[in-house]
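> This is what each chain is made of:
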Amino acid sequence: MIQEFRRIWKQYAIGMLWLLGLLWPLLGIHPDGSLSFEETFTVWLYLLAGISGCLLIYLANHGGQLNFITIPVKTLRTRVMALATPLPTWMWLVVVFVLALIFPQITGRYATDVAINVLLYICLGLGLNVVVGLAGMLDLGYIAFYGVGAYTYAVLNVTYGVGFWICLPLAACFASFAGCIVGYPTLRMRGDYLAIVTLGFGEIVRIILNNWMELTNGPNGILGVKPISILIPVFENGCSFEIFWVKKLQFFYYFALVLAILTIIGVHRLNFSRIGRAWESIREDETAAELMGVNTFVYKLLAYAMGAFFAGLSGAFFAARMRFVSPESFTFLESAMVLCMVVLGGMGSIPGIILGVVALIALPEVFREFESYRMLIFGATMIIMMLFRPAGLIPAKRVGKRSEEKE
Amino acid sequence: MSVEPILELKNVHSGYGTIKALRGVSLRVYPGEVVAIIGANGAGKSTTLMTICGIVFATAGDVLYNGRVITKVSPEKLPAQGLCQVPEGRRIFPRLTVEENLILGAFYRRDQAGIDADIQHMYSLFPILGERCKQHGGTLSGGEQQMLAIARALMTKPKVLLLDEPSLGLAPIIIQQIFHIIKDINEKEGTTILLVEQNANLALQAATRGYVLETGMITLEDKADALLHNPEIRKAYLGE
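If you read the protein sequences in the order shown, they are chains A and B.
Each residue of the first sequence is one higher than the one before, counting from 1 in the working numbering.
Each residue of the second sequence is one higher than the one before, counting from 1 in the working numbering.
Just so you know, these hints were derived from the structure itself, not from any lab.
Since this is a predicted model, take the numbers as computed values, not measurements.
Take these hints with a grain of salt, some might be off.
Stated by the list, open to error - Cβ pair distances, simulated, as ranges:
#1 Gly64(A) / Gly142(B): 33 to 41 Å
#2 Ala113(B) / Asp192(A): 40 to 48 Å
#3 Gly17(B) / His30(A): 26 to 34 Å
#4 Glu187(B) / Arg190(A): 56 to 64 Å
#5 Thr18(B) / Pro219(A): 29 to 37 Å
#6 Gly64(A) / Ile19(B): 53 to 61 Å
#7 Gly17(B) / Tyr184(A): 21 to 29 Å
#8 Leu101(A) / Val73(B): 49 to 57 Å
#9 Ser26(B) / Arg190(A): 45 to 53 Å
#10 Phe272(A) / Ala60(B): 52 to 60 Å
#11 Leu20(A) / Thr18(B): 23 to 31 Å
By construction, the Cβ of each residue, glycine as well, lies at the ideal position given by its N, Cα and C atoms.
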């Protein structure tokens, strides 16, 4: 342990000094121009203590000094796992599903609100996963399709009075169409160039929404979007139908849940279909895919359209829930957030992305006090993640082992 | 020969941007043959194969397959017509399993039973792939990857198989094995093979005929045996 420390202490010291240098401008420079050092030092000392503690535990674990704890824990874990493995996967799914069903009943309004956010972002994340995780095209303007979906519903509803259920497929179709428009000119690009172009397209959509006063009411946004309505049969005198407006958050939660489940099923089916395999081959090696008879043009365009389709669906739900849309909601930061969820959770892995969404939506709500440091913590988390779990929290597939390594 | 060539290049020019890689390549491949193209680095061997498949566009000349011009046919339509390439450097799909790699080879095919049977057939041709069928392609060794690349191409049921440097970066014993397999495919399945190689000795031993490609032009064409004993070839490519 001491030897280990001797090897790394220089890097460690430099790292901590670097952290101090990073912290000071954040905390020490005040808006009135005065400079202070005290606050920086106290925060830094806390961090120093915390990080040193982590390092000590890590080194001790590495050197085997913690065996008296880790070995019992490990045996306990294998025992629990052995108990859990005979249960088939569908039972876990049922448990999760039941928990999701009773969630709004056992928690308050605030938690339900966060949960709806999580569900909408699950749809977004899984949609982006089709483009990024399966087809391997880095899309930095993905939120534009969310915007197209939301504005489709908002404009059609407020200006023309079209109902939600007609607008929902329309929103998805318009978003897919937008996806094709963006996709078509970018199909010949790969890697960095594609990322830059999609970034540009995302901004173009936002700027159009911001400036097309007649249609979108510009930066003021569109107010008074109607919530979801459903027809409920009433049996008082004979049988008639009554319009029921889904204004209560709890009801909306269930609609979002259905949307999320449909998206999960859809993306899962796509993933293991012929189309999904074609996308994966394009991600792995485009030229080889072409030589094997995969029409890369069609499948890449389809990936864009499918990704945008899910974004359009959740966009319409977003507009119906907020009952207000404005270009503010569709900035680049949102695209980056969705991409982070996908990367953090594990590209191409559905449970991973769900976990990534929960981590990036729910955790900031839990740690409200640290709001001003959110981006700092966020960056640090991403770096740590990329160091220790580069394939995401739940990687898509276990990397196969060589046959001689079996057992 | 009275037989029609199955694959024919007529004065094909192509290149990358302003750089001309092929300057009038003409060659013929007859059904059932193994034809080798040998040449130095940068002679245009790989470009020839890429031009046949349409990944690199021919700027002039025609590529004929089964008597029809395929110069303008897009590359993804060729496997269905029986023309498939094993690209240089193997280019298998590293994060897909061996089995998925093979399934992708049969992408254009819709006969599930036939595909399953062919996968089993590949596992009997290459037993090592059967052992590792659930493993990711990227975790295989170089030789295994080359076998996978060949098996993947065979899944398209090719009439003509284009092989680009199958010996690249492999140990001599593995190269021997791969060339045995190539000969087997030609003899047992009747697949016509167009082989591009730097290793002229090996390629000419396996081939029936050979072409020598130099700076984008065919400079010599002969029976493989004759090329092997041609003193100039021995000097230039066989290191004597």
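> Hint by hint, say whether it matches the structure.
Cross-check of the supplied hints:
| no. | hint | verdict |
| --- | --- | --- |
| 1 | Gly64(A) / Gly142(B): 33 to 41 Å | 38 Å, holds |
| 2 | Ala113(B) / Asp192(A): 40 to 48 Å | 44 Å, holds |
| 3 | Gly17(B) / His30(A): 26 to 34 Å | 56 Å, violated |
| 4 | Glu187(B) / Arg190(A): 56 to 64 Å | 40 Å, violated |
| 5 | Thr18(B) / Pro219(A): 29 to 37 Å | 48 Å, violated |
| 6 | Gly64(A) / Ile19(B): 53 to 61 Å | 60 Å, holds |
| 7 | Gly17(B) / Tyr184(A): 21 to 29 Å | 23 Å, holds |
| 8 | Leu101(A) / Val73(B): 49 to 57 Å | 54 Å, holds |
| 9 | Ser26(B) / Arg190(A): 45 to 53 Å | 34 Å, violated |
| 10 | Phe272(A) / Ala60(B): 52 to 60 Å | 45 Å, violated |
| 11 | Leu20(A) / Thr18(B): 23 to 31 Å | 54 Å, violated |
Going through the hint list in order, the structure does not satisfy hints 3, 4, 5, 9, 10 and 11.
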